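Participant: Sequence:
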Amino acid sequence: MLETLLRDIDAADLNAFARTMTTPADFELTRTVMPERRLNSVKLRIKSSKRLVNAAKFRAYDAQSAVARRHAEKIITEGMRPLLGQKLIVGELEQILLDTARGADASEFIELLYDDIERHVESIHNRMELAAGDLLVDGKFSLNGENGLTLEADFGVPAPNMPTAAKPWSDPTCDPIADELRWIEYLRSIGAPLPARVLTSHKARATLAANNAYRAAYYGSVNPTAVLAPNEVEVVRARYNLPPITVYDVQISVDDAYQRVIPEDRWILLPPNPESWAETQYGITAESLVLSSGTNPAITREDAPGIVITPPGRPGPGLDEGGCRRHAGHVHPGHPHHREGPLMPATTRTLATAVFVTDPKTHETLLLAAGTTVADPTVAEQITHPDAWEPEQVRSADPQSAHPQCREVRDGRVRAALMLSDAEYAYLRSELGDIDRGDLMSATSALAQSRR
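Counting from 22, one number per residue, gives the positions in the sequence shown under the numbering used here.
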């Protein structure tokens, strides 16, 4: 039954739709503090450099020039990106309810699948935003038994870069102006640039409005006792050449409970040109390589880094983000599901590209290399992507001729994600023909980037 529901689902369509969904606008950390970057590699790569240039020395006529010394170092750190992902089960009850053999409308299943894609992409962005917040808070990214994974990446932020105010700012008699000026002077002393802005919570900024030092700076005394408006707080900050404040109060659900990305009591001074200080890197995974290989790839090799989706029953265990993996409706081994029979004749076949399959006995995920001969029909049935097999063994059915109902649902989702009018989308369709595979991926990715 599941194969019947999925026969009109194309990986190119799903990935094109996923790429139209950009990072949420309020996710300040992965959008502007640590901007996202996609690398065609499975490794993370961090570069740091230091250079000290001394002043030249005068010399007398006919005397030798002083010998200069090079003071420079460049450090490149490499490591493997941890994988991040999830999957949703297509259970037996869902398949019965969506049984197309009983006349059910396949578009209902397709709509649910696209809903899952939206949910998964949002979940990946959520976790990456949490990771960026973890790093900003203490200079470390830590995983403590998360899905069985424990690790820590310590970026060596010096302790003086994480000071504590002399007196809590909740006390109206404290002097946050003096505290912040002292912190900025320390940054100047170590050669760091002046901060471009402050990232903090609404609650932390609100404490400044009732602070005596701020009110005295604005009114000339602590009287009148009225608190300052947000723009009046910024007037005081501008007077002391303090950076403007960006309020950040994002909360993300983790195991069904909301938690803040950054604690309310943090006051983070951010440098200018953030892309030269930190970035959020997305790489490639085995799933993206499978989808970008073969004679008719679902995505181009250039689009391999980042979030990719493998539909249920296709090669690869789920959806990846080059360090982020997830499954859109993947049928988990061991859960009951029905099928109407093998999609290919039970003959020996040879793989044209590497694929992931589930061992029918151990239920473990296996990677079969290109050139592998597959004789077990229970394994062959799992490999339904037409480009996975050698050309002479592809099914007679045309895999690119997606069902009109599937196309209609896909087109509506992409049009909504790109915020296109019907006329604009019709023009795009006329320009690109059927908007299939690589054309759709390139067009939607470009339009999504232009609308950021």
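Worth double-checking, as some hints may not be accurate.
For lysine to any residue, the following SDA-like pairs were computed, each having C-alpha atoms within a straight-line distance of at most 25 Å [to be verified]:
hint, residue 1, residue 2
1, K224, I211
2, K161, W298
3, K188, D175
4, K382, V400
5, K188, R140
6, K161, D175
7, K161, L291
8, K382, P412
9, K188, D277
10, K188, N147
11, K161, Y207
12, K161, N147
13, K224, S210
14, K161, L133
15, K161, S210
16, K188, T316
17, K188, A174
18, K161, R80
19, K224, G212
20, K188, L208
21, K161, A234
Pair by pair, the computed Cβ-Cβ distance ranges are [as the list claims (entries may be wrong)]:
hint, residue 1, residue 2, range
22, A46, F79, 51 to 59 Å
23, K188, A278, 30 to 38 Å
24, V275, E411, 40 to 48 Å
25, P293, V248, 27 to 35 Å
These aren't lab readings, by the way, just hints derived from the structure by calculation.
What you are looking at is a predicted structure, and each value in this text was computed from that prediction instead of being measured.
Backbone N, C-alpha and C fix where the C-beta goes; we use that ideal spot for every residue, glycine too.
Participant: Hints first: check each against the structure and report whether it holds.
Facilitator: The hints, checked one at a time:
{"no.": "1", "hint": "K224 x I211", "in the structure": "30 Å, violated"}
{"no.": "2", "hint": "K161 x W298", "in the structure": "15 Å, holds"}
{"no.": "3", "hint": "K188 x D175", "in the structure": "29 Å, violated"}
{"no.": "4", "hint": "K382 x V400", "in the structure": "10 Å, holds"}
{"no.": "5", "hint": "K188 x R140", "in the structure": "43 Å, violated"}
{"no.": "6", "hint": "K161 x D175", "in the structure": "4 Å, holds"}
{"no.": "7", "hint": "K161 x L291", "in the structure": "17 Å, holds"}
{"no.": "8", "hint": "K382 x P412", "in the structure": "29 Å, violated"}
{"no.": "9", "hint": "K188 x D277", "in the structure": "36 Å, violated"}
{"no.": "10", "hint": "K188 x N147", "in the structure": "34 Å, violated"}
{"no.": "11", "hint": "K161 x Y207", "in the structure": "22 Å, holds"}
{"no.": "12", "hint": "K161 x N147", "in the structure": "18 Å, holds"}
{"no.": "13", "hint": "K224 x S210", "in the structure": "30 Å, violated"}
{"no.": "14", "hint": "K161 x L133", "in the structure": "38 Å, violated"}
{"no.": "15", "hint": "K161 x S210", "in the structure": "24 Å, holds"}
{"no.": "16", "hint": "K188 x T316", "in the structure": "66 Å, violated"}
{"no.": "17", "hint": "K188 x A174", "in the structure": "31 Å, violated"}
{"no.": "18", "hint": "K161 x R80", "in the structure": "49 Å, violated"}
{"no.": "19", "hint": "K224 x G212", "in the structure": "31 Å, violated"}
{"no.": "20", "hint": "K188 x L208", "in the structure": "20 Å, holds"}
{"no.": "21", "hint": "K161 x A234", "in the structure": "34 Å, violated"}
{"no.": "22", "hint": "A46 x F79: 51 to 59 Å", "in the structure": "56 Å, holds"}
{"no.": "23", "hint": "K188 x A278: 30 to 38 Å", "in the structure": "32 Å, holds"}
{"no.": "24", "hint": "V275 x E411: 40 to 48 Å", "in the structure": "45 Å, holds"}
{"no.": "25", "hint": "P293 x V248: 27 to 35 Å", "in the structure": "31 Å, holds"}
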